[in-house]
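Asker: Here is what each chain is made of, one letter per residue.
There are 2 protein chains.
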Amino acid sequence: MNDRFLRACRRQPVDRTPLWIMRQAGRYLPEYRELRQRVDFLTLCKTPDLAVEATLQPLRRFPFDASIIFSDIMLPLEALGCRMTFNPGPKLAEPVRTRAQVEAMTLRPMAEVVPYVGEAVSLLRRELDGKTPVIGFCGAPFTLSAYLVQGEGKEGFGKVKAMLFREPATLEHLLDKLTMAMTDYLRLQIAAGAQAVQIFDSWAGLLAEPEFRRFALEPVKRIVAGVRDLGVPVIYFVNAGPHLVDAAVEAESDVLGLCWRSPIGATFDRLGSRVAFQGNLDCHALFAEPAEVAARTTAILDAVGGRPGHVMNLGHGILPETPIASVEAMVSAVQSWTPRELAAAAEERA
Amino acid sequence: MNDRFLRACRRQPVDRTPLWIMRQAGRYLPEYRELRQRVDFLTLCKTPDLAVEATLQPLRRFPFDASIIFSDIMLPLEALGCRMTFNPGPKLAEPVRTRAQVEAMTLRPMAEVVPYVGEAVSLLRRELDGKTPVIGFCGAPFTLSAYLVQGEGKEGFGKVKAMLFREPATLEHLLDKLTMAMTDYLRLQIAAGAQAVQIFDSWAGLLAEPEFRRFALEPVKRIVAGVRDLGVPVIYFVNAGPHLVDAAVEAESDVLGLCWRSPIGATFDRLGSRVAFQGNLDCHALFAEPAEVAARTTAILDAVGGRPGHVMNLGHGILPETPIASVEAMVSAVQSWTPRELAAAAEERA
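If you read the sequences in order, they're chains S and G. 107 is the number of the first residue of the first sequence in this note's numbering; add one for each residue after it. 107 is the number of the first residue of the second sequence in this note's numbering; add one for each residue after it.
Simulated from the structure, these hints should not be mistaken for laboratory data. Nothing false has been slipped in among the hints.
Because identical chains share one entry, a pair is satisfied inside a single copy or across any pair of copies.
Below 25 Å or equal to it, Euclidean Cα-Cα: the simulated SDA-like pairs (lysine to any residue) are:
no.	residue 1	residue 2
1	K260	G423
2	K260	P194
3	K260	E427
4	K260	Q207
5	K260	P196
6	K152	K197
7	K237	R116
Between the sequences and the hints, there should be enough to build the whole structure, so can you do that?
Answerer: Quick look at the structure:
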C-alpha cells in the first residue's frame, strides 16, 4: 500500500514527498467534462458509482498519492434543513439571516441525509484496494455559515461578516449547529473507510485573527477533537490566511493546508515541529510553461528541504482551464526531487 | 486650517488622531443616493460641479479631517485607449490579453483625457478653503491591470494571475505603461491642488510576497518616486495584504493603509519608525450597535496608543448599507479618545 501521504501527515519519514491536488477530480480533465455532459452535478455527487468514477479519473492519469472523494461541502447541510441549487455555485432557497431561523434548525443524522457519501467512500476504498489512501472532507463551520448567511458565493461575504459584528451570538449558535453536523459528517466518512479527512475553511481569510479565533478556529478545534478517537489524520485548510497560520496551529489538526500566500519554508522553520504542512504552489502557476511549473514545484520542495511532514499540493483548488501538461510537469518534478545535498553528492560522484 | 491629517501623514504630533473614511462620499449617504437618481455615475465623475458636490456631502454631516475627490480609479485608463462601461463595476469593451494589445497602447497626456479631474480638485480646494485637506488618488498598476486583463471585477482575478505566470514580460510591459500613466495622473491632481494622494492596491493581496514585490510594489515605488518632488504625502493602501506589509514599507510612501486583517498595534511596534499607518476598523464592524462601534474604534486608538503617525480610517471602503449612526459613533469615539494615562490621571483628579 502507498502510505507516503498518511506517513507525511503524521510527520514520519517518507521515500519521497507525497502529492495530491485539491479538486483533482474536476473540469480541467476532458473525461470529467465528458462525464458532466451525461449527468448533472448533483446526480454525480449523489450516485456512488458515478462519484467514485469521477474520483478515480485523475488517478488513471497521474500517480497521485491520495484520492479525495468527489462531493461538495454544501451537500450535508441538507441535514439542517437547508435547500439549495447549484449553478455552478450553491444558491440557498432561503438565506439564514435571523436568530429564529437558526433556532428552528434541527439536525438530522447524516446517515439518513447523505447515505450516498458513505456508500461512495466504501466503494472507493474497495476499488482502490490500497493503491492510494482515501480522503474524506467537509466545509469548516465559518465557511459554511458564509454561504448560508449570504445565500450564495459572493466576494467578501458581507452578510455573514455583518452578522458576526451585529449578532455574534446568533452566528455562534449557527456555528454550533454546523460544528455538530460536520463532526457527525466526518465520522460517517471515516466509518465508511476514509483514511484521512480535510476541513476546508475557504473563507476564513476574510477574518482578522481575533475574529478568526472565535468564529472559525473554535468550531474547527471541536471538530478535530470530535473525530480524534477515530485515529485518522486531520488536515485543516485555511485559504487566504497567511496572517492566521500561527493561530490555526491551535486547531490541533495533524496537517495545516497553506494557501500560496504563505512562504512555506519560513512557516516550516517556525511551526514545523508542531504540525505538518500541505501545499502550496499557486494554482495560477500551472498556466506557465511546463519547465516553469517544474521549477516552481522544485522551489517549494527545496524550501521545505525534505523535512518530514510535507504533503505537496496546490495552494487552492486546480482551475478548470489548467493544461494537463502542467499537472504532468508538477508530478514529474515531485517524483524526481532530491534534497540539494544528495543532488550535489550525486553530481560529484558522476 | 485643519492640518492634523497632513501632520499625521508626516508622523508629526497632532491634537487628536485625524479621521477620514474610504469611499466616504457614497451610497451609504441618502443625499448621495438622491444625487445619483438625477445623474449617472460617469456624468457625476466627469462634471466638476457634481463631483465636488458628492465630495462635500459627507463633510456636511461629519467632521472628517480630509476630503477625497469623488472619482473612479478606472477613468484615467482612457488615456491608454481603454474603453469601458460601469454597471456598477467597470466592464472593459476589450480585455487586454495579448502582448500585441499592450504594445499598441499609447499614452495620451492626462490633462487632455481627464481635465475634469483637475478642474474638480481645483474647485474643491476653493470650496473647502482650508477646512480640510484634499486627497487625490489613483489605482495601483497591479490592481488596474487586474481589471484590464480580466475585463471586469471578478473574485480571484484569475486572468491577470495566469498572465503573471505565463507571460510575465507582457504583464510588466502593461505595468510600465500604467506606472507612467498613474504618475502623470497624480501629478495632474497635485498640480490642481491635491495636498496628499492615495494609491489604491485593492487586489495586491492576491499575490504572495515575491510576486507582490515584482508586479505590485515595483511599479508603486516608481510612482512614489515620480511624485516625490511635489512634496505632498503619499498613502499606499494594500488591501487584504497582512502578509505584504513589511515589503510594502519599501514603497517609501509616507503612509501605509492597512486593511482590517493586520493588527495595527503590533504593526506599529514593528514598523512605526519607518512609516505612518492608516486604518483599520473592519468596515463590517459598522453594522454593530453604536456602542460596539465606539468600543472597536477605541480599541484601535488604544492599540496605537497615541503614537505619532496614525490616520484613523476603515480597513476598506464603507459599505452601501452602513447605518449613519455607526459613522457618528466612530467619529465621536475618535473625537473623545485620550491616551489611557491621561484618562487615568483625569479620573484621579476628579
